[in-house]
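The whole structure should be built from the sequences, with the hints applied where relevant.
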Amino acid sequence: MAALPSPSASKPLVYAHLGDLHITDAKARNYLDLLSILVQLEVECHGRLDFIYLPGDVADNGRPEQYQLVAAALRLASVPVYVISGDHDMEIGNLGPFYAGLGAQPLPLAVEVQGVRCLFLDVCGPGQGGPDFRLGASQLAWLREALGQVPAGTEVALFTHTYPADLRDATEQQQLTALLAQHRVALVDMGHTHYNELANDGTTIYAATRSTGQIEEGPVGYSLVSLDGGIVSWRFKPLDGGFPFVLITAPADYRLLRHAGQVVQPSFTIRAVVFGSHAVAEVVYWLDEGPRLPLQPDAHGVWQAEVTWTTPFRTLTVLARDATGRLGRHQLVPAFGPPLALPQAGLGSDAASIGAWEENGILGTQLGPNRNAKPLNHPSSSSS
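Read in order, the letters of the sequence shown are residues 42 to 425 in our numbering.
Careful: at least some of the hints might be erroneous.
Unchecked claim - In silico SDA-like cross-links for lysine to any residue, where the CA-CA straight-line distance does not exceed 20 Å:
| # | residue 1 | residue 2 |
| --- | --- | --- |
| 1 | 68 | 105 |
| 2 | 52 | 175 |
| 3 | 52 | 321 |
Claimed, not checked - Label pairs and their in silico Cβ distance ranges:
| # | residue 1 | residue 2 | range |
| --- | --- | --- | --- |
| 4 | 335 | 177 | 51 to 59 Å |
| 5 | 51 | 144 | 29 to 37 Å |
| 6 | 331 | 173 | 28 to 36 Å |
| 7 | 193 | 301 | 14 to 22 Å |
In short, the hints are calculated from the structure, not lab data.
Glycine included, each C-beta is placed from N, C-alpha and C at the ideal position.
Structure follows, in C-alpha cells:
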C-alpha cells in the first residue's frame, strides 16, 4: 500500500464556507450579514484564504434580482468564489438565472488548489426542483472519470449541496458513496442542513455549515476549513467573534481522524493558521497544563513547531497574541491510536456524526429543516 500523505512544508488549502444565503431583498437581515461577512473576510483574513465557497440556496426563490444582489456583494471578495446550486436555486424550474446572475462557472467543475483536487457538483439541476437531489448519468460519469484521473497521493475535496444519502435515487447514492470510499476522498463539504455538523466515516469527513439566511440555531457566521497533508480541520467563526482567530491544521483531532497514519507519534509537527488584520506578536502552544513554547512562521505564514513528547498528554492548545494585545486560541484533542471501531466507509450520511463540539462551534442539536426544525412561528426560524 502506498504511503499516505502527511503534513509538509507546503501551504495547506484554506477556504471560507458561507452557508446557504437564501437572499430575498437588500433590506433583509441576511443580506446585511452577507455584506458584513465579506468585509470581515477581506479585512481580517486577507492573504490567508484560497477561495470562498457558497454551497447552494444562494437565492431563496431563484429569482434574477436576488442573484443580482449576491453578485453585487461578491465584488467585495478578492479571492475566487466557487458557487454550487441548491434546491432553492431551482425553484423556478431551471438554473438559468443562477448562472446568468452570478456568472458562475458551469457545473460540474474541477480545479486544483494548493495541490488538492476540488470537485464541485450540481445535485439540483438534474432534478425537477425542490429536494429532488440527483446527479444524473452524465455527471456521475464525469465524476467517475475525474476521480480516476487524480494522481496517487493527491487529496480530493468534494463540494455538493447535501449529503450523498439525500440523493433521491438509491442507485446513485450507492454509486457515489462507493466512489468516495474507493478514491479515499478526504472531505465532502455541504450546505442544506442549516446547522453546523461534522461526520466521519473513517475515511471521509463530511462537513456542513449552518445557513446564513435561515437561522435555527447559534449565531451568524461562517466556517474556516483546511486540508493539510490529508488532515481536515474545521472551525466555525461567529461574525461577532474577535480576532486573532486560530485554526490548528495539524495534527488531526481524534474526532477527524481519517486513518491510522494520522495518529500522533512521539515526534510530530504542530501547524496553525492565524487570521487577523493586525501583525502577530507571538504564537505559543502547550500540552495539557505544560509550559508555553513558541511556534514560528514558515515561508507561507503558517505557524509551526516540532514537538517531541515523553509524558502522555490529552489536549493541545495554540494561542496567538497580536500587536494590539488581543488573544485568540484553539484547542484540540489529538489521536494517539485508531478508534476502537470505525464507521463503515461509504455511508454518506449523518449516521457518522461526531456530535457536539462546542470549541469548534458545533452545538449538536441539529436544528434545521433536515432534522429538528423549529415551528414556523418561532422567532429565530425566519431569515435573520
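Practice problem: Find the hints from earlier in the document that the structure breaks and name them by number, from lowest to highest. | Solution: Hints 2 and 6 not satisfied by this model.
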